[in-house]
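J.: Chain A is already provided as a structure; the job is to place chain B on it using the hints.
These protein sequence lines are chains A and B, in that order.
With the working numbering applied, the first sequence corresponds to residues 1 to 472, in that order.
With the working numbering applied, the second sequence corresponds to residues 1001 to 1472, in that order.
None of these hints come from the bench; they were simulated from the model.
Hints may contain errors.
Claimed, not checked - Subject to a maximum C-alpha distance of 16 Å in a straight line, what follows is the list of computed EDC-like cross-link-like pairs (lysine to aspartate or glutamate):
| # | chain 1 | residue 1 | chain 2 | residue 2 |
| --- | --- | --- | --- | --- |
| 1 | A | 347 | B | 1102 |
| 2 | B | 1155 | B | 1122 |
| 3 | B | 1347 | A | 103 |
| 4 | B | 1214 | A | 244 |
| 5 | B | 1347 | B | 1407 |
2 protein chains.
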Amino acid sequence: MDASLLRALEAVVGKDGLVSQPTRLVPYESDGLAILRQRPDLVLLPRDTGEAAACYRLLHEAQVPIVARGAGTGLSGGATPVAGGVVVGTARMRDVLELNTEDRYARVQAGLVNASLSRECDPHGLFYAPDPSSQRACTIGGNVAENSGGPHCFKYGATTQHVLGLVIVQHDGTVLDLSGPIVDPDGYDLVGLFVGSEGTFGMATEVTLRLTPKPPVVETLLAVFDGLEAACDSVTEMIAERLEPSAIEILDQLTIRAVEDSVFAAGYPTDAGAVLLVEVEGLEEEVAVTSEDIRAIFARHPVLEVRSARDPEERLKLWAGRKGAFGAMGRIAPDLYVADACVPRTKLAEMVRATIEIARERGLRLATVFHAGDGNLHPNICYDRRDPDEVERVLDAGRAILERCVDAGGSLTGEHGVGIEKLEQMEYLFSEADLAAMCRVRDAWDPERRMNPGKLVPLRACGEIRAAALPS
Amino acid sequence: MDASLLRALEAVVGKDGLVSQPTRLVPYESDGLAILRQRPDLVLLPRDTGEAAACYRLLHEAQVPIVARGAGTGLSGGATPVAGGVVVGTARMRDVLELNTEDRYARVQAGLVNASLSRECDPHGLFYAPDPSSQRACTIGGNVAENSGGPHCFKYGATTQHVLGLVIVQHDGTVLDLSGPIVDPDGYDLVGLFVGSEGTFGMATEVTLRLTPKPPVVETLLAVFDGLEAACDSVTEMIAERLEPSAIEILDQLTIRAVEDSVFAAGYPTDAGAVLLVEVEGLEEEVAVTSEDIRAIFARHPVLEVRSARDPEERLKLWAGRKGAFGAMGRIAPDLYVADACVPRTKLAEMVRATIEIARERGLRLATVFHAGDGNLHPNICYDRRDPDEVERVLDAGRAILERCVDAGGSLTGEHGVGIEKLEQMEYLFSEADLAAMCRVRDAWDPERRMNPGKLVPLRACGEIRAAALPS
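Only chain A is shown next, with the shape it has when bound in the complex:
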């Protein structure tokens, strides 16, 4: 990289805000999708919108590709700098800028860790609803880029439902201030469009988020079944009876065993076929009635055990296994391929059977965690990346699962984003016209295509339509 550019960048972010030593660049080679790595030329860590904008302006003039990065917990390769260039991280942008407990919103810097926000507003009886499994590490900015979900998004909706405003640094360093706390914006919904754009439109530096009142009573129910089928059937009945829990999660047998063998052990019986976690919230009376109805459904199935808790600490224990599931799977195999299939809820049982079959046909081990209420399942394939034949079978299984899911009327990604992982499948799901429309919108934000290149929209589709899309 040009020495005068380096000096100019250092003048903006200071010595501590610039990482260039090769060994210190290693952690930035990939996000949670470790199967694909690429070292960036440089990492910049601006402290605020002004510094970020100045960096983007300099890099724009020098025609350098930029990848924005939160905590790197993403699972689809969104933060991996596949085309090299500069990573701009938010590690030094962690402030809560405004906390308005009356109108119930917070304005925060993009690098704030998700769980920190709920901690900040807890004394005011409020919380931030989207709760990815990685919430103790992942950042609000990363959540915005990926439109992240989590167990409680069944009731509260994913990130996009909670973002009220954004400050955005565009490709050339110009800044858009769309930070107003009003929900339904005037003009085009650029804020809604930006959420889930995976860094291809520039970088959000400040985010205005909706805060949610904590429910008066919360009860967590844990039911142990001897088979996965019974757990799935119970969920189907809950939905059909229009019970409205705030979260419905299922762990399968291999996941339970991994959890119980790990530091996340939650006392789940290791011979169980499935564990179902259900959370019910609301007024005392509402929780009591709904919880009773759910127990009645459990009782109609071969349930081995039902536990419940209302005390926050007891509830946390029931949840511990679920929250630690991904970490625990590290014990089963060196590597984990996390699929992120989403199907209409009524197709869930059928899809579960299909994924088991797909893994078995290829001699792979499958551990599955479900956001069952949303029809979002995470089949996790355990493998060893040093075995090239196994890697090939894993990728083939991933493709087969996603295509099966699309055929069932589902989507490629429930909550993890397209990134580099699901690029190929985008052509399976969308027509040429659909992809061309996405490319044109991308070009409207980043005509030189240096914002997180190689992500989200297949390049081939964009290349082909470029001449037609942009009037000269």
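T.: Relative to chain A, chain B alone:
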């Protein structure tokens, strides 16, 4: 219009689908914002996506501006063909294409009337939540274009929260099929971006909508206060105590009198200063507790009377006045200017005082209806368009209200759209960079700018940035 083009269009839509006689074109001169009128050259009424696409293709080749139109109930001039050209209406596209009561969605043609959908799914215990006052006339397609709201959007969210998918005819007649019923889409959220784009991106011909389970118990409370202040204070207390009604509406004195003098008479006492309508939904126990808490708040204020109803017919009677308010105001004055200000909820009382002051200073009569829970108020200025001086004062008051609202951290439009009415204020609310970003996104969909020209984004802003925005 060229005779061969006319013949080609008639070949697509048939004789009944083409309106060209000047007298039959009159109803298409404006929408509900009757202050501005322009006759289109032609109206086309295609029957499905294929016919609409064929029309768009022919008109694209002939370089004719197009305005898509639902029922014409809009209030910001969105369907007024200010640049002439062709209006494409959805009056012959009223079919429910699919009703999936298990996964709770409906796929409908864009011309379906809003209220028809809830009627269709009522036997299945489901309804379509967004309920604009015009819901017996307005269409789903128009709701999508304007991102329409309604009293119950306080609980359920506006149209954008309920649109799961779209089939879109683009400017050149190509069709995007983004109709999948999965909520969080892969790739860019083009569906979310399209909602509220006011016809400037093309036309939605089919819409996939989320259906909502009907709540087991609904109670409507009507409280009569001697002053507006007491009604506003009660709302503030409800919010502070975190009670969660599904709708909170206020009618002021002039509105009450208009209603009681009309066919919509609901038995509101005509000497009341304000009527507050609150609706509570949920399980029996939940409704009982919440309703009691709300009554306790009323009792702490100079409330004159409280009525309540759980029976659907009785509830409808309490709502009749609110639903008929806009119609009833026709009795007060020949014309009505409906403002659509939205402020953070805590600024509501302050904003109410400001609008009263603004109207009084200009010698105008003001009748206000509030979606109080959302901070969305509709100050309605009664006037006579034959009095040019009064018209001038009305427009001046409208500007003053909106600017005051933006200064309070609010937005220009709670639910009626920008259209032509609020174009000028867009420059007040947004920076040049913000508007430039909107223009670039618009150009990505409609590079020749013939889709509903003159709406939503100020032309001046687009003209100025055009050279910079589109790389040549």
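J.: Against each hint, give a clear statement of whether it holds in the structure.
T.: Quick rundown of the hints versus the structure:
| no. | hint | in the structure |
| --- | --- | --- |
| 1 | A:347 - B:1102 | 11 Å, holds |
| 2 | B:1155 - B:1122 | 19 Å, violated |
| 3 | B:1347 - A:103 | 9 Å, holds |
| 4 | B:1214 - A:244 | 12 Å, holds |
| 5 | B:1347 - B:1407 | 11 Å, holds |
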